[in-house]
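> Chains L and P are the protein sequences, given in the same order. For the first sequence, position 382 matches number 1344 in our numbering, and the numbering has no gaps at all. For the second sequence, position 266 matches number 1228 in our numbering, and the numbering has no gaps at all.
For the record, the hints were derived by calculation from the structure and aren't laboratory data. Please note: incorrect hints may appear among the correct ones.
Stated by the list, open to error - Here are some, though not all, of the chain L residues that point toward chain P, as calculated from beta-carbon distances under 8 Å:
id	residue
1	Arg1054
2	Pro1192
3	Val1193
4	Gln1224
5	Ser1228
6	Ser1229
7	Arg1237
8	Gln1295
9	Phe1325
10	Ala1446
11	Val1448
Here a beta-carbon is modelled for each residue, glycine too, at the ideal position from N, C-alpha and C.
There are 2 protein chains.
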Amino acid sequence: MRSIDRRTFLKASAAAAVVAAPAAATTAQAAPAITTPVTATAAQGVTKTLARYLVNARYEDLPAAVKKEGTRTLLNYVGVAVGGSHHETVERAVAALGPFSGAPQASLLGRRERFDIMTTAFINGASSHIFDYDDTHLKTIIHPAGPVVSAILALAEYRPVSGKEFLNALILGVETECRIGNAVYPNHYDTGWHITGTAGVFGAAAAAGKLLQLSEQQMIWALGLAASQPVGLRESFGSMNKSFNPGRAANNGLFAAVLAAQNYTSSEGMIEARRGWANTISTKQDYLQITEGLGSRYEAALNTYKPFACGIVIHPAIDAAIQLRNQNKLTPQQIDRVELRVHPLVLELTGKKTPQIGLEGKFSVYHSVAVALIDGAAGEKQYSDRAVRDATTIAVRDRVNATVDAAIRPEQVDMTVFTRDGRTLHRFIEHAVGSVEVPMTDAQLEVKFADLVEGILSKPQARRLMDLCWQVEALPAAGAVARAGVAGA
Amino acid sequence: MRSIDRRTFLKASAAAAVVAAPAAATTAQAAPAITTPVTATAAQGVTKTLARYLVNARYEDLPAAVKKEGTRTLLNYVGVAVGGSHHETVERAVAALGPFSGAPQASLLGRRERFDIMTTAFINGASSHIFDYDDTHLKTIIHPAGPVVSAILALAEYRPVSGKEFLNALILGVETECRIGNAVYPNHYDTGWHITGTAGVFGAAAAAGKLLQLSEQQMIWALGLAASQPVGLRESFGSMNKSFNPGRAANNGLFAAVLAAQNYTSSEGMIEARRGWANTISTKQDYLQITEGLGSRYEAALNTYKPFACGIVIHPAIDAAIQLRNQNKLTPQQIDRVELRVHPLVLELTGKKTPQIGLEGKFSVYHSVAVALIDGAAGEKQYSDRAVRDATTIAVRDRVNATVDAAIRPEQVDMTVFTRDGRTLHRFIEHAVGSVEVPMTDAQLEVKFADLVEGILSKPQARRLMDLCWQVEALPAAGAVARAGVAGA
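Next up, chain L with everything else stripped away, as it sits in the complex:
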């Protein structure tokens, strides 16, 4: 459900404002935003051009900011995958698939089972998307890490690779899926496809293929076999089938790469051919988004991370509440009332006044602002069933008022807190934390990570795991990250 919010939010938002000037990627050039559909541009040799780039791209050529963003993508991925690892969705998948798994080649993050790399890629990928709290390429709302990192982290345990090779493959995988997503978005997504699963499979195949050192021809085939296996329809949002999609995309991409490595063939132009992927699956095909500027501008540098475990539409309000709380050392008892001026979408999508269960809390701007004022956070914990029934939270929630204001953009909010001692505290948010403009800091990513893995990994283990992610470039074998993410490791 939250991704629908996000999509609607972005549609309403000024596209240029959302994608321009990535703060975390100053050396990478931002791509121009696509505002109108472009059809069938430069449909020659797209698959081949992409494959050639992937095969030749070296770690040494990556700009520092891109490497840094890749590292942040890894850390955020590991946190959400461990965080989701004991959800009922994962329990059922493990029970279902365990009997068919091959040798214990790779680790389930946050758990103790080890499965073959295909099964592991599926389960870790599903786990990473369960809270809908993973990374987001805002131009396409692809969640890039789920398909890509799930595939190569499993592979890295089976076939040792250095941290540098691993990070290079991760970035190339993210680059691939986001560029292919750009080529068909928004039409493809509007039709009903879950773009994380349909574009994601290319990312997983590209990244796994890179680690398998495929030749250019083999990479063309891997992309072709990936094109044959799109995953996911938006209709499934709200069920376990949603997190199924990045998991199966990871699995399918890995499957494609492993077959291609044995010279299992496909066609030469599966992305752009007349009856190929883009023409079959989308009414928009802007192939220059795939082929232009390869190696000079990086979509992978535009990745973002959700600071709050709810729909993006209420992130500005949560951000404002946390800032006011922290700077004024507000306690719940001090709050007389809160006045919000919000974009119309906020009440349309998250106007639930009296949520009864945790999930409903995610669709309540009132609950979200209350927990942000009380806890200074809006993580999974703040959206538990217990949290929405907490007396203090309810007391604050009932003092939150929201008014629609057409002058407020979706990424903005205007908040005023009136305290019982007569103070008037005001905050206007232009862009919430977690946007491209105001990226989460490394410290904020660590807080999110620690929050997600609490109760699954010990604090020292969580610290070790974060350090391994930050230092991935220095690792002699990247599989160490996966092994350090096992429960009790």
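Following the hints, put chain P in place on chain L, whose structure we already have.
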């Protein structure tokens, strides 16, 4: 490539003539042919209606003709799967996937390896489509058995089921994929999807789900997870990716059913919902094709089998040649010349005069008629590289003339053989053998089977295996079919 022929052929053909009055299914009612796209009819509860039917449908309720056709479907499947089992495509798949396979739960037909059921379903499914010689539901050109039988034959080895349960699941699986195919064909196929892989995954999920005794709710989820995993684009035709598609459809459907059995959820109406499968993947949605007459008319009774290992467009000419040869005991030396009057498509698609390799022979009506006159057959053997270079064959081939005649329908041919001793032998074919109107006889299916498995299974083993297929209803455990299909069993 051959499936393109078939598609074009059927398009040019009068649809009613192709699907009417199924000779092999006199108790089953033929569905009216869809000639114009119908949009969004009866989109209420399609997935649920189908799931309820699947869960409740009993073997005892199947008409005898439907059971018979299901048995023929099984026999033909086993023959083509064994036949393809040592092709380079399968060798590469086995090499690629073996390292990741789980316990040896199921048998690769025609080989000695045993893999987990998921991997086995993929490989047997690919194997069955390699020669493009498998079964065909002519209304949709779905190859029904590859996805369905590959999934449940592997499952039957892991989780023993009676032959009756197995045959019931096979028929329900074929019914499901063909009905869903009918709902979106031809638009969906015209767009570029390989319908065997996109509709096939539903058939595999339905059949596997039936054997797993899913509840109605679980079956709804299995169909939903299947909807999330369509496989295959027509662009890949001509590469190993084509046979990949039914294999992966089998694998995906099994994956869906196994997860649903552990209550891994999906949405309730994934086939028909606004953002569901049919609306996302096709511009035509005729839902009544899925829900009407469930349990009273059977698409599964309309399955057909190719008697010749080439495009359907030249089947009438081959049929005529074999009939004239057999009835007149013709030898190559007796033939002075052959005059054919054919539909324009025949020369457009198969007008190659001097094929140099076996595959080209399949696109030569001249070569095909020559081998049919000489050998009385047109199986894989007649399309080997050696066969197209054979001196006798070339001599006859060069005496075959073909003239386009607009009065000849695609399913017809008019052939006259002039012999050196002055005879004029004439044959007009209204429908070639292998059509719904003139189905292959059981004896012809056995000849095809024996031809396909020659060199892989001994003659006694082939005989035993055919007998097991014919007697599937009487088997206490259907997995016996798979075990009897192992090389050297």
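> Does the CB of L/Gln1224 sit less than 8 Å away from some CB of chain P?
holds (4 Å)
> Under the criterion of a CB-CB separation shorter than 8 Å, is L/Val1193 in contact with chain P as hinted?
Status holds, d = 6 Å.
> Grab the minimum C-beta distance from L/Arg1054 to chain P and call the hint holds if it beats 8 Å, violated otherwise.
holds (5 Å)
> Under 8 Å is the threshold here; is the Cβ of L/Gln1295 close enough to any Cβ of chain P for the hint to stand?
violated (42 Å)
> Are L/Ser1229 and chain P close enough, Cβ to Cβ, to be under 8 Å, as the hint says?
holds (5 Å)
> Given a cut of 8 Å on the nearest C-beta pair, is the interface hint for L/Ala1446 held or broken against chain P?
violated (23 Å)
> Are L/Pro1192 and chain P close enough, Cβ to Cβ, to be under 8 Å, as the hint says?
holds (7 Å)
> Under the criterion of a CB-CB separation shorter than 8 Å, is L/Phe1325 in contact with chain P as hinted?
Where the cut-off is 8 Å and the nearest Cβ of chain P is about 18 Å from L/Phe1325, the hint is violated.
> Does the nearest C-beta of chain P fall within a distance shorter than 8 Å of the C-beta of L/Val1448?
violated (20 Å)
> If you take the shortest Cβ to Cβ gap from L/Ser1228 to chain P, is it below 8 Å?
holds (4 Å)
> Should the hint that L/Arg1237 touches chain P count as held when the rule is a Cβ pair under 8 Å?
holds (4 Å)
Hint violations for this structure: numbers 8, 9, 10, 11, all remaining hints satisfied.
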